[in-house]
Amino acid sequence: MSDLIRLESLSKSFRGRPAVTDLSLTIPKGEIFGLLGHNGAGKSTTFGMMLGHVRPDAGEAFICGHSVQKDRAGALRRVGAIFETPSFYDYLSGWQNLRFFVSLSGDVSDARFREVVELVGLTERIHDPVTHYSHGMRQRLALAQALLPDPEFILLDEPTEGLDPAGIHEMRAMIRKLRDEHGLTVMLSSHLLSEVEQLCDRVAILDGGRLVFSGAWRSGPPQWKLSLDDQAAAGDVLDRYIAECDGDVVILREGIDIADLVSDLVHAGVRVRGVELLRATLEDFYLGRTRP
Amino acid sequence: MTSEEITLFRKQLGGELRKLFARKRTYIGFGAFLALEVVVLFLLRLPKAKAAIRHLIDGAGYDPGDYFSGLTLGLMIMSWTVFLLGALYLALVGGDVVSKEVEDGTMRMMLCRPISRGRILLLKAVACAVYSVALTFFITVTALLAGFLYGGFGGLFAFYPAEHVFALYDFWPGLWRYLLAIPLLGLSLFTVSCIAFLFSCMKMKPAAATIITLSVLFLDSVVRNIPFFTSYQGWFFTARMATWIHVFDYAIPWEKMVEDYVLLGAMNITLLVIGWMIFEQRDFKS
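Which chain is which? The protein sequence lines are E and F, in order.
Residue numbers for the first sequence follow our numbering, beginning at 1 and rising by one.
Residue numbers for the second sequence follow our numbering, beginning at 1 and rising by one.
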């Protein structure tokens with residue numbers, strides 16, 4: 001897959017205090033990518049530099065091959081963004097807000113308007129003043145304004161912030177749908193690691209403005225927890241199948257199926273009480289890579 | 001610029017104006033001007049005030065019955081209203097125009113679009129200009145209507161001692177001068193918007209931008225009226241802004257007025273450009 005996003009050595013300081021230091025990243029087309037970090041780790045500054053809101057002290061951000069710093073209009077032509085607290089003109093209707101924001105991107109047909117409004121489920125209330133919208137509705141309106149110019153890349157800063165569980169579920173389903181059905185590339189930041197875990201295969205972790213990890217956080221072979229009656233009797237079988245062993249947690253040799261191991265253990269007269277796939281959580285992964 | 005670009009610019013400007021004119025505050029402001037005009041009219045109807053104006057006209061050798069009219073009252077209502085509320089209101093609107101959007105977070109939403117910061121500011125500056133003109137038109141026309149309602153038709157008596165203007169005109173020449181004053185006053189008032197716009201582009205709260213603008217105008221006005229600075233009149237904003245009054249001189253000093261408006265125009269452009277340069281350098285973060 002080609003890289004849609006490329007960040008090259010981005011650095012930014014505010015009043016001498018580094019916010020982001022030498023950040024380089026790539027995001028391939030069609031991926032849902034998570035940007036993680038504690039408060040003040042540099043996530044918002046990174047997003048700001050990607051959208052041209054913040055001027056980097058050094059480095060450059062490229063979106064669809066266009067430099068944000070040198071050709072902002074070209075870079076943002078197919079980009080949509082949502083912030084944690086979407087801001088609108090409360091005294092205007094949702095429709096009028098969409099019309100205004102989209103006029104800054106170019107022309108969009110009425111049919112496209114209706115299509116997007118329907119997609120985000122705001123058809124019934126789109127002509128109401130935004131001041132009467134709930135937080136969830138505002139978030140959906142924000143998504144509509146981000147989607148209207150038919151973006152290739154969408155940037156979501158804390159998209160589930162303040163949403164109730166149903167809203168979070170809805171937003172997650174929407175993000176997946178945007179990638180799977182519309183082919184969008186998504187970059188998101190969230191403090192809800194369980195959300196990121198469900199959506200993103202690859203993440204970047206910032207700590208104190210520095211990139212401490214970037215890549216597939218689930219990489220590595222699966223780990224299994226075996227509960228056996230007679231560990232000693234199982235020794236020979238395990239030696240044939242297992243690459244690594246740490247107590248009752250094992251990693252199988254490449255190409256070995258867990259069912260074969262269990263079958264051989266049973267034939268060898270070992271009673272297998274339980275087999276459990278140990279799933280690594282993003283939280284453990286994240287906390288293991290950031291400062292306490 | 002292609003016709004498509006012009007259409008897009010008009011759409012964007014339409015959106016910017018809708019934002020300005022869809023706010024309740026805009027109409028509350030217009031209502032406040034109307035209320036003030038009614039108050040000024042009431043004050044001018046007080047017997048002693050009326051007698052003083054009639055005395056001035058009489059003293060110039062004219063019949064107060066002919067010149068204490070709707071036109072004269074309209075001019076007085078308009079001048080007082082602009083003096084008392086015009087600058088305040090334009091400073092409020094101009095001070096809000098950028099900084100309120102930054103404060104509310106809508107500026108960040110705008111800046112997510114493939115549009116340059118310069119173009120956003122250009123749209124806002126044009127919207128401010130349209131607003132200044134609309135407000136001036138509203139004040140001057142409603143003042144004139146209020147004057148006609150109470151004073152009826154008659155000649156115009158214009159008296160501005162600070163600008164050495166003292167003139168009397170029959171109805172039609174008077175009306176012509178009054179109408180000519182409207183766009184010139186609008187141009188003068190646009191300077192208030194430009195000063196407020198400059199501060200609005202800086203990193204400060206909208207209220208701060210408004211207060212600083214009013215302080216600048218107040219100081220400028222006070223200092224220029226200190227006798228030591230009489231020979232430096234040309235250096236003051238407010239002195240140039242007051243030039244519209246000379247449209248009521250018997251012999252309109254066009255040369256001086258053109259010079260004043262060219263300088264005001266240059267000053268306004270400079271303020272807008274400085275505002276733009278500051279805005280371009282700013283970082284916008286939550």
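Check each hint, because a few of them may be wrong.
As the list claims (entries may be wrong) - List time: in silico DSS-like cross-link candidates among lysine-lysine, alpha-carbon distance up to 27 Å: (1) E:K70 to E:K29; (2) F:K203 to E:K70; (3) E:K177 to E:K29; (4) F:K100 to F:K285; (5) F:K205 to F:K100; (6) F:K285 to E:K70.
Since the hints were made in silico from the structure, they are not lab data.
Please read these numbers as outputs of a predicted model, since none were measured by experiment.
**OP:** Please write out, lowest number first, the hints stated earlier that are contradicted by the structure.
**Re:** Of the numbered hints given earlier, the structure breaks none, since each of them holds.
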